[in-house]
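Engineer: Please take these sequences and the hints and turn them into a complete structure.
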Amino acid sequence: MRKRTRAFFVSFGLALLFWIFSSISVELVRARQEAKDLDDLKKMDNKPPIGSNVIGFYYGWYGNPQSNGRYYHWNHEVLVNEKDPLHKFYEPPEDIGADFYPELGLYSSHDEKLIDKHMRQMRDSGIRIVCISWWGNRNADRQLGGDKGYTDRGTRLLLDAADRYDMKIALHHEPYDGRSTSSVKEDLQYIVQEYGSHGALYRRKEAGNLPVLFVYDPYHIQPKEWSDILTVKGKNSIRGTTHDAILISLIVEKRDELLMTDGGFDGCYTYFATDGFTYGSTTANWPDIAAFTRTNEKIFVPSVGPGYADMRIRPWNGKNQRSREDGRYYDRMWESALSLVVQGDLMVPGMISVTSFNEWHEGTQIEPAVPKTSKKSGFKYLDYGELSPDHYLKRTLHFATKYDEKRGDR
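Per the working numbering, residue 12 is the first one in the sequence shown, and the count goes up by one each step.
No lab work stands behind these hints, which were simulated from the structure alone.
Honestly, I wouldn't trust all of these hints.
Unchecked claim - Derived Cβ-Cβ restraints for the label pairs, each shown as a range: (1) Q200 <-> R266: 26 to 36 Å; (2) K387 <-> K124: 25 to 35 Å; (3) S78 <-> D188: 38 to 48 Å; (4) K405 <-> H98: 37 to 47 Å; (5) S78 <-> D174: 32 to 42 Å; (6) T384 <-> Y201: 42 to 52 Å; (7) R214 <-> R175: 15 to 25 Å; (8) N247 <-> G389: 48 to 58 Å.
Nothing here was measured: the structure is a model prediction, and the numbers come from that model.
C-beta atoms are modelled at their ideal positions from N, C-alpha and C, and glycine is treated no differently.
Structural biologist: Printed below as a string of structure tokens:
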């Protein structure tokens with residue numbers, strides 16, 4: 012009995028000593044890692060995070076029956092032409108209004124777990140500024156079935172998620188019915204009132220720390236009307252007020268350069284992922300646009316994309332389709348944007364934008380997609396081929412890092 016007791020205590024003692032030394036070893040390893048991390052942080056003290064000037068266009072307009080009672084956008088209608096819808100809607104989950112199928116399934120843009128995952132994916136891909144599609148607090152696009160304010164109700168969810176990952180949110184002002192310079196001014200007042208104090212709202216330090224608004228299709232309003240709110244001498248000017256902001260206008264045709272300058276905009280962006288579709292989206296024209304913006308002290312934001320595919324919703328739009336070419340198309344657009352980088356008092360380009368993180372209808376997404384064939388219609392969705400589902404996220408990080416290096420941020 013005594014021998015057994017002695018053996019027990021010896022075994023127990025050895026086990027205890029092993030546990031103590033193991034714990035000490037683990038703590039030493041952890042302490043060394045923490046010291047290394049701290050040292051790395053000190054080395055990066057004066058360096059912004061990778062992608063501090065990379066923007067990802069993001070769409071928070073999706074919905075599903077589980078979260079919203081019905082599908083939003085996944086059932087996108089087929090368009091006969093640019094103005095007249097056929098009123099044929101796709102029937103999810105097998106058939107959706109997109110040429111690719113999302114790895115995460117048909118999600119709701121108001122799902123907080125989904126938003127969190129998206130933010131992590133964008134952050135890890137080098138996107139630090141998320142430009143969200145915003146249709147105002149009283150409007151909605153056609154595919155939301157009259158659910159006015161849907162994108163606005165998701166704004167705070169996106170801001171809160173971005174804040175957790177040290178990211179920023181800018182707003183992509185969409186052309187809702189009845190948009191005018193008066194309504195834009197009201198929107199700016201609303202944005203500042205509702206979100207102005209949020210730490211994740213993107214403000215451009217180089218421009219008075221003002222919030223940034225990208226304005227889609229500004230050409231529907233005349234330059235003279237824009238100048239009324241965007242120039243210092245305008246009768247209804249926002250300049251110098253509490254709701255002043257940096258407004259970046261879409262450049263489609265060459266004449267939109269004058270819309271930018273005469274209208275009082277602070278810069279322009281090209282948006283479209285189809286090289287050759289518009290004057291602005293044609294990469295061969297980017298050096299001229301960059302020179303024009305530099306001369307006029309405006310911000311230039313070229314937009315790069317992985318390809319374009321919208322035949323599911325615009326079956327007549329074949330000429331504007333762009334194959335991804337196993338990732339080569341995306342690489343070329345990035346290289347075209349990077350070739351513009353000129354350092355100086357006015358950095359050109361001021362930012363580079365990615366079209367898009369998740370615009371599935373037009374097949375410009377860098378969000379992971381998966382192979383799928385509809386069990387209902389037999390339609391075979393496009394996918395990324397031999398590339399991994401996260402290939403475009405990884406390539407975005409690669410080029411965001413190169414952009415930082417060329418800017419002198421690394």
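Engineer: For which of the previously enumerated hints does the structure constitute a violation, in increasing order of number?
Structural biologist: 3, 5
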